[in-house]
Amino acid sequence: MSTTEAVFSGWMEIPESAVQERARSHADQTRADEDILAALVSQYAATLYRVAFSVLRNTSDAEDAVQETFLRVLRRREMLGEVRDQRVWLIRIVWNIVLDRKRRAKTRPETDDVADLARVLPADGLSAEARAVAAQHHAHVLGCLEQLPAKEREVLMLSAFEELSGVEIASVLNITESSVRSRLFRARNLMAGLLNHARQ
Amino acid sequence: MSDSNLREMQKTGAGAEETLRLIARIAVPEGLEDRVHARLLAEPRQARILAWPGSSGWSIYSRVQPGMPGRPIVVSPHVGAGGAFSEAGVVRRPLTLQGPVVKHTAANEKPKLAAKSTTPPSASPSLIVSKKSAAALASAPAQ
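Same order as they appear, the protein sequences are chains P and F. Numbering-wise (our numbering), the first sequence opens with residue 406 and increments by one. Numbering-wise (our numbering), the second sequence opens with residue 4 and increments by one.
Wrong hints could be hidden among the right ones.
To be verified - Derived coverage of chain F by chain P (criterion: at least 3 residues anywhere in the stretch with Cβ under 8 Å from a Cβ of chain P; other residues may be distant): (1) 21-28; (2) 35-46.
What the hints assert, rightly or not - Away from chain P, derived, C-beta distances all over 10 Å, residues of chain F: (3) Val-31; (4) Arg-96; (5) Leu-100; (6) Gln-101; (7) Pro-103; (8) Lys-106.
Claimed, not checked - One-sided and incomplete, this derived list gives chain P residues near chain F with beta-carbon spacing under 7 Å: (9) Ala-450; (10) Tyr-454; (11) Arg-455; (12) Phe-458; (13) Ser-459; (14) Phe-475; (15) Leu-479; (16) Leu-526; (17) His-543; (18) Ala-565; (19) Phe-566; (20) Asn-594; (21) Met-596.
FYI, nobody ran anything at the bench for these hints, they're computed from the structure. Heads up, the beta-carbon is just placed ideally off N, CA and C, and yes, glycines get one too.
This is chain P alone, in the form it adopts within the complex (with noise of 0.2 Å):
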């Protein structure tokens, strides 16, 4: 046997069926990755809309942070066999892409948030001028909320979404659930005091 030979001999000795077997075993997991992945999107899509909306307020670009969202995920796939609760990671990182966002974004005019409102917000029984006034009202609201500390006002806005505990509240903000208990009452008293100065 020359040099050659014994140098290569390692490699001439895996059996062929040890890597197709490999390859195909990865192969395997990557359809797993992606079935689980597309029964995520089914689950999820629409919750974690509704929480970007909640705060980008733009129907376009909440739907561009969900699909953001299951990107990201995608691109990480592996770690999927890891994640213990995933509507709160999944919660987490549309939170998180979201609130980027918004810090990046413009602040738009009031006026294009009661439009939105207004044209997005569900009004069942209500006449074209109450829906206007509702309008009024909602915009009215989310412009106090947006005086609100950061902390408060995410801890207000998370709990508004009767899908998630203190606990999962607090997963997402990465806090202890008694710091969103204290947070919740001060945004809830702040809150008041920022609506009762705005009517007097």
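Position chain F against the provided structure of chain P, taking the given hints into account.
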């Protein structure tokens, strides 16, 4: 929410969280899931590095990329100056100055080569001198 509910909500200021709850229950746009699925399918898959079984080598494994149309290369038509026809791809070679011409002086080189070859090394005057000086050094008494 009825008109009376709305009036009540505005009076009491309790509508703050009601507004947020309305947003939290907002209708999702039609076809959102389909668009997300389509976007995910269009995303190119990254190659994965697999450990080579039983040795220190590595191999790259990657799926065939679906939905990756080839990019056409658009070449703008070349139009000659003054709206004339193009040159149909003819390569223009610029006129360049002629470089220096090397003159081969073969007649001058021959005698030198001949002189070197005809002179034996032993007949070199420098060698003779060195031999004489070597003999003189050898015969001289040591001091």
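Going down the list of hints, with the structure as the test:
Remark: the segment 21-28 of chain F is confirmed as covered by chain P, as 7 of its residues place a Cβ nearer than 8 Å to a Cβ of that chain, reaching the required three. Counting residues of the segment 35-46 of chain F whose beta carbon lies closer than 8 Å to any beta carbon of chain P gives 8, which reaches the threshold of three, so the coverage claim holds. Non-interface call for Val-31 of chain F relative to chain P: violated, since the shortest CB-CB distance, roughly 4 Å, does not exceed 10 Å. Listed as outside the interface, Arg-96 of chain F is consistent with that label: its C-beta sits roughly 49 Å from the nearest C-beta of chain P, beyond the 10 Å cut-off.
Non-interface call for Leu-100 of chain F relative to chain P: holds, since the shortest CB-CB distance, roughly 54 Å, exceeds 10 Å. Once the 10 Å rule is applied to beta carbons, Gln-101 of chain F is consistent with being away from chain P; the minimum gap is 53 Å. Chain P leaves Pro-103 of chain F outside its interface by the beta-carbon criterion, the shortest separation being 51 Å against a cut-off of 10 Å. Every CB of chain P is more than 10 Å from the CB of Lys-106 of chain F (nearest about 53 Å), matching its label as outside the interface.
For the restraint placing Ala-450 of chain P at the interface with chain F, the shortest Cβ-Cβ distance is roughly 5 Å, inside the 7 Å limit, so the hint holds. About 5 Å separates the beta-carbon of Tyr-454 of chain P from the nearest beta-carbon of chain F, less than 7 Å, and the hint is met. Because the closest C-beta pair between Arg-455 of chain P and chain F is about 6 Å apart, less than 7 Å, the hint holds. Hint status for Phe-458 of chain P relative to chain F: holds, with the closest Cβ pair at about 6 Å, below 7 Å.
Interface restraint check for Ser-459 of chain P: the shortest CB-CB distance to chain F comes to about 5 Å, inside 7 Å, so the restraint holds. Because the closest C-beta pair between Phe-475 of chain P and chain F is about 6 Å apart, less than 7 Å, the hint holds. At its closest, the beta carbon of Leu-479 of chain P sits 6 Å from a beta carbon of chain F; the interface hint therefore holds under the 7 Å criterion. For Leu-526 of chain P, the interface hint holds, the least distance from its beta-carbon to any beta-carbon of chain F being 5 Å, beneath 7 Å.
The restraint placing His-543 of chain P at the interface with chain F holds, with a minimum CB-CB distance near 5 Å, inside the 7 Å limit. The interface hint given for Ala-565 of chain P is met, as the beta carbon of that residue sits about 3 Å from the closest beta carbon of chain F, less than 7 Å. Because the beta carbon of Phe-566 of chain P sits about 5 Å from the nearest beta carbon in chain F, less than 7 Å, this interface hint is met. The restraint placing Asn-594 of chain P at the interface with chain F is violated, with a minimum CB-CB distance near 11 Å, outside the 7 Å limit.
A hinted interface residue such as Met-596 of chain P counts as satisfied when its beta carbon comes closer than 7 Å to some beta carbon of chain F; here the least separation is about 5 Å, so the hint holds.
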